[in-house]
Amino acid sequence: MLPVLDEEIARHRIARRVAMEFQDGDVVNLGIGIPTLVSDYIPENIRVIFQTENGVVGAGPKPENEDLRFIGAGGRCLKPIPGGALVASDMSFGLIRGGHLDATVLGALEVDQEGNLANWWIPGKMVPGMGGAMDLVTGAKHVIVATTHCTKRGDPKILPKCTLPLTGAKVVSLVVTEYGVLRMDSGEMALEEIAPGVNLGEFKKVTPANYRVSDDLCQMKGCELE
Amino acid sequence: MPTSVIKPVMSAEEAVKRITDGSSVMIGGFNYGGIPYTLVEALVDAGTKDLWLISNDTAYDDVGHGRLVVNGQVKKVTASHVGLNKSTQRLFNEKKMELELVPQGTFVERIRAGGFGLGGVLTPTGVGTVHEEGKQVIEVEEKRYILELPLRADVALIRAYRADRYGNLVYFGTNRNFNPAMATAADLVIAEVDAILEIGQINPNDVVTPGILVDILVLKGDSYYASRT
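Residue numbers (numbering that gives the first Met the number 0), protein chains in the order written: chain A, 0 to 225; chain B, 0 to 228.
Same shape as in the complex, but just chain B (with noise of 0.2 angstroms):
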């Protein structure tokens, strides 16, 4: 069999170092869910720097991604919230870090944009609010719209349930979340995993992620929110 198609099994640690440091990385999750634990760890550990993080918010101070903000690796911040990490918020007061804060909803359609190929999304979302300034605002049929830009990074780092030798991605409970918008967006998609099945295992029907879109897969850790999540 053809091999281009079987996606490489890797360690956390093995995968992380594709990411340089001035990487731009989409990290998937909400609060606890979806967080790819392991590769982020990893990433923690390995101490790339002056990324640019894109992932809807900056967990906890001691929680997944949070981390990352905590160990001085993040230069840039784009997320919809960040209150449950009191680091993200005083590394920006102390003007150490950058924050671009952006409505949920828009978050994800601006990644999607970037993943679908559109030129951006134009929404109601945030007209009349702080959010619209410095944006170009449209008229159409006598609505006004935020013009907003699409998103990508170089590197996505994703939790998925179980993957195929393929990279077909099925996801579980609230864990799904930016995950598979995000795996559209990226140069580079490294999707963490509970299982990896021969192909064949996992029913096309099924499939949320098709495998096209995964380059690395790698096993879930054993760490507490990994085997929790």
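Excised from the complex, chain A in its bound form (with noise of 0.2 angstroms):
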């Protein structure tokens, strides 16, 4: 049996093995969601600018005071940090497209053993728009995929071929989940790390994507500090 994980350990987890990815001077976007958590984790010997697409390069955390004269991109008060850089949407944009961020992490509703990333509608239900998920898969060096290994109502999220719209086709780099990394590798997936109390054959069950097992397989890192 698969450990049953409480959802706010399981974000956790996901949002730390995340942060562990960025090297020094890494410029990163984050989006909503889980991926907002990663800020809380990035390891004390490194520095990562965080960019939102509304025009903040170098955002701060929450500041004591509200000022909505300083807004990050889920629309929350945030204070630039000192250094950092406040620009108009065509520059940030500009910086997203032009391959000047490192990194964007992303939820997913699906993802796929070919990189594809559908993360923006589900046809039937409300159309909220792609805002700059499109522009962020597309024009990063680095696309992560933060999400949970399932949908809440237990279908897995990580298939052979993804069903929903695409927000981008052959863009993901890494897939961070509480059960497992899988990395894209020239265009197929490796299952590169497993959760503790996790077994091949289980998470198996739940990923029907293809993907290889790594060599180099070892221990989800960062689950040791939970």
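It is possible that some hints are incorrect.
[Said to hold, decoys possible] Part of the chain B face toward chain A, derived, beta carbon under 10 angstroms:
| # | residue |
| --- | --- |
| 1 | N55 |
| 2 | V81 |
| 3 | I110 |
| 4 | V126 |
| 5 | Y160 |
| 6 | Y165 |
| 7 | R175 |
| 8 | R227 |
What the hints contain is simulated information worked out from the structure, not anything from laboratory work. C-beta: ideal position from N, C-alpha, C; glycine also.
Work from the hints to combine the two standalone chains into their complex.
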């Protein structure tokens, strides 16, 4: 049996692991949901510059006093860090589309073995719009998917082929869930890390995508800190 | 001094009278930030109809230009994200309003193209997705790009921090967003600002939107969001 995890533990496990991917000096955009939590887990020995698509380069934490003149992409107040920059949307998306972001971290409705990502629309339901997601997955150097392994209904999200409208085709670099880490490597998906208490057979049952198990498979990093 | 370069200062009510039924209207803002609230509220009060609203999002049902949608004044929306305004989605689903969704970077680049005299832009954003459908795809050096066409409007309602009497604008915080791009891409540009200064009080080094792009200045009002943004 797969370990049943409290949702908060799962979300923080994913965020902590994603934060280990960054290099000192990386410029990173975080999506809403689990990706937002990533900023809490940046290792102390590196400095990451957070970019928000509405125009902050160097977004800092939520300030004590709310000032609606400084908000993040999710609408929450933030404070630019000392040394930060405030830019217009054309520059902000120039940074995103021009390859100046090292990574973008986004959630997923579905992701597949070819690195396709669907995260903006479920046909038949309300149409929220893609916002900046299509630009981010096309322009950022690394696209990191931070998502629970299955939907709330228990349906797997990591599939042979996405069924929902794509956000981007063949754009994903890494998928981090509460059960493991899958990396895209030369167009192939490879399982690199697996969470404690999960065996390969159980992982396979909730992961319909074709993937190979890395020769260097190890325990999911960061779980020892929980 | 010749008065032609001095920009008229009007009340929001007076300024939005220039917007006629059926106009295309760009409105600046991202989420709560950088919306010309006072102008938008005046436009809601004016009841101008059949508008083509071009804005990044449609704010919230009871906030900013979201109220134009709720009020039934909008026949078409071009935006990147409308998920926070339930009325936009409902009216679209009921086929009472057109909705064109555009990736956000493409949205601002189309406006930039409209304002900068470009015939369009080529971008890989959306290639291999439903956004590509019905659009021209051009291959350049073995990479596929979507041709995105320029976007212009009859009127742009923008929000800035301070203006001088020439209409030169500076911005503040994350209120800048789409406003400088929209100021280039409309036949009539109305800017809502916190303060209007005398000529010389804004350092030319600090100007983001040159006054030659701005037609009318309006001082922001004291409604909840206008006074807090």
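Against the structure, the hints:
1. N55: Holds - the Cβ of B/N55 comes within 10 angstroms of chain A, reaching about 7 angstroms at its closest.
2. V81: holds, 5 angstroms
3. I110: holds, 8 angstroms
4. V126: This interface hint holds because 7 angstroms falls under the 10 angstroms limit.
5. Y160: Given a least distance of 9 angstroms, the restraint on B/Y160 holds.
6. Y165: Nearest chain A Cβ about 20 angstroms off; hint violated.
7. R175: Status holds, d = 5 angstroms.
8. R227: This hint holds: B/R227 lies near chain A, its Cβ roughly 5 angstroms from the closest one there, short of 10 angstroms.
Going down the numbered hints, you'll see the structure goes against just number 6.
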